[in-house]
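Colleague: Residue strings, one per chain:
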Amino acid sequence: MPPLGYMGAILDVDLSTGSQRIRELTQDMADRWLGGTGLGAHLLWEERAFQADPLGPDNVMVWATGPFAGTAVPLSNRFGVCARSPLTGVWGEAECGGHWANDLKKAGFDALVLRGKAAKPVYLWIHDGEVELRDATHLWGKDTFETHDRIREEVGSSGRRGEVAGVACIGPAGERLVRFAAIMVDGKDGRAVGRSGLGAVMGSKNLKAVAVRGTRSVPVADDKGLNEYLKDLRKEIVSTGKGFGALGTAGGIPTHDKMGNWPIKNWQQDHWPEAPDKISGAAMRDSILTGRYYCGNCIIGCGRTVQVQEGPYAGIEQGGLEYETTSLNGSNLLIDDLPAVQRLNEICNRLGMDTISAGATIGFAMEAYDRGLLSRGATDGLDIAWGNHAAATELMQRIGLRDGAFATRLGEGTLRLARDIGGEAFAIHVRGLDFPAHDPRAYYANAVAYATSHRGADHLSSFAHVFQRTVSLPEFGYEEPVHRQDAAETPRLVMLGQNLMSWFDSLKCCKFLFFGGIKPTHIWNWYRFVTGRQVSLDELLEAGERIFLQKRLFNLACGSGPWDDRMPERILTLPRDIGAEAPSVPPFDDMLAEYYRLRHWDPETGAIAEEVLERLGLPEPILAERQPVAVA
Amino acid sequence: MVAYPPYRAGLGAGTLNLEMPEGATLRDVLRELAHRSREFDAFAGAKKDEWLWGQLLVHVKGEMVRLGDRLNDGDLLELLPPIAGG
Chain X
15 MPPLGYMGAI LDVDLSTGSQ RIRELTQDMA DRWLGGTGLG AHLLWEERAF
65 QADPLGPDNV MVWATGPFAG TAVPLSNRFG VCARSPLTGV WGEAECGGHW
115 ANDLKKAGFD ALVLRGKAAK PVYLWIHDGE VELRDATHLW GKDTFETHDR
165 IREEVGSSGR RGEVAGVACI GPAGERLVRF AAIMVDGKDG RAVGRSGLGA
215 VMGSKNLKAV AVRGTRSVPV ADDKGLNEYL KDLRKEIVST GKGFGALGTA
265 GGIPTHDKMG NWPIKNWQQD HWPEAPDKIS GAAMRDSILT GRYYCGNCII
315 GCGRTVQVQE GPYAGIEQGG LEYETTSLNG SNLLIDDLPA VQRLNEICNR
365 LGMDTISAGA TIGFAMEAYD RGLLSRGATD GLDIAWGNHA AATELMQRIG
415 LRDGAFATRL GEGTLRLARD IGGEAFAIHV RGLDFPAHDP RAYYANAVAY
465 ATSHRGADHL SSFAHVFQRT VSLPEFGYEE PVHRQDAAET PRLVMLGQNL
515 MSWFDSLKCC KFLFFGGIKP THIWNWYRFV TGRQVSLDEL LEAGERIFLQ
565 KRLFNLACGS GPWDDRMPER ILTLPRDIGA EAPSVPPFDD MLAEYYRLRH
615 WDPETGAIAE EVLERLGLPE PILAERQPVA VA
Chain V
116 MVAYPPYRAG LGAGTLNLEM PEGATLRDVL RELAHRSREF DAFAGAKKDE
166 WLWGQLLVHV KGEMVRLGDR LNDGDLLELL PPIAGG
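Protein chains in written order, with this note's numbering: chain X, 15 to 646; chain V, 116 to 201.
Bound conformation, chain X alone:
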């Protein structure tokens, strides 16, 4: 009998040979690693994937759902993917909503392990326990919108609810190994496994897509109790999340501008007060919005559906802009033309690229051009001046297609480009992963969080900026959100946030539940209803700590340690007006030192104290020699 909340099966496919085997997901694995990239961290360590060539057949990918997928828990139709990243050379992971995870689970599998390389393009079709590798030669070169629709036709979806296949696929960017290629879900609705270049890992394996459909039931310990408990909570989530759902994640842009949080001109400019009227969620609502998009079993609906009706960027109805994309491809490039920013979004979605790294890389190139490090000849004739959206859209298209020498260089990512042309001082990254759209000068938590996040600059692995903003954590002694410049409290808050998010993400539900008034205690109760395990909240938090540190062990084995736990020079030397009394830079070194002390990490070697490893039952570390990131 599988562990409650799970199907008890991991599908392992070797693409080189086409062989498949089903591995048992044991109760012990479920208890210790929960699901998602927590389970992935355990499996990839066993595979010694830290030694793999990220784009070689020896790299291994894990795709995993969690115990909540396929149950009544709201906002839980999610999965995570992890592998050694071709962008950074260290731990790579990304998460996704949409309509895919529930079907994998209902098809009988909690997770997929994908290894090897197919001799020719293939896609994987998984349905109710059946697994097929199908030829995808005819789909190679197609964009993700078309690939999604064609595969759905081929696998014979009827179109009725419950009988529609979920399709996760790559576009030309993944096929051509753009190092920040994404895996896309839900076709033109554009949900992304965005960060870390995992689309390129798929491309390197000649794997075009994974399609899933399932009708099985997920075993739940106390389904009736869960539904009863959720009855009032659903209303609470809808009520509290109302403002968020109304305008989407880009709705907050006026506030981000006031607080000095969003990127402007590659993180050089304090504010851009004219822009929010043109490219915020409210501007979208008043111009191109056609509807709201909901991931599977979502009741908030932060997704946007838009259509640009006229002008050079007119197009089909499709997934609209969210905050990160709007910022990195709008304000970051000094572009305030909403249809143009939407077109940049569309290109990324169609060709399959992470909108954050894609926008950041173009932003870096624009600054290099502005500073004379790149001539017009070097850009293949493009005038990539700040704000030139015609050039930016053309460049984005070329990057995704690896069309031309300049675009090919950009497809290697910001850090490799900076090493190539100069300008590392304004390559805004950690571990080779570009900053998302939250400035550590505005929220000190993100200084420590980005520096110590396994995949590189990442606001989601701790979510601590949110706990410095509007969300309290009373279970852990924070009756009020922590002040965003409270340097003394930041290290503990980040550590807590990382441990908390590590279990939360591994259970696989959407972080935006926190904007619906949900607290860790609610999630803990859902976990007990679903799995029947009567564990304490502290025990779950300990599982989160285990997962977090297992990923840290992966990076140490890659040769990435304290020397990479850094902030870009600009963030520490260019004070930013954040709407507070004085311009701000985070007191990074002091906060990091305290964080290390709390974690029991050696600040020189990165070694984790033995008693911590022992308490959590973690494996013997492998401390590899120091290796530069973004080389492997």
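Output of the computed footprint for chain X on chain V, the stretches with three or more beta carbons under 8 Å from beta carbons of chain X:
#1 118-126
#2 167-174
#3 191-198
The following residues of chain X were derived to be distant from chain V, with all beta-carbon distances above 12 Å:
#4 TRP154
#5 ILE435
#6 PRO642
To be clear, the hints were calculated from the coordinates, so they are not data collected in a lab.
Virtual Cβ for every residue (Gly too), placed ideally from N, Cα, C.
Fit chain V to the supplied structure of chain X, relying on the hints for placement.
Modeller: Only chain V this time, still in chain X's reference frame:
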């Protein structure tokens, strides 16, 4: 008071001067605004700060104001949309 999108639709884009009795709190201000724009009805009835922060943020000098906070003469209130997600 200055409103930002989406609240300009109801309150206008310019600076708005409010006369409030001494000791007025943010909750009092929201009640006053509810007389001017119906979208503030729900905000005026907010029971918890965290619920309000999911719909509306009010800043003075870059700091968030809570429902029960007393306001001072001359405070410039900024009405901003909630920030969430990303």
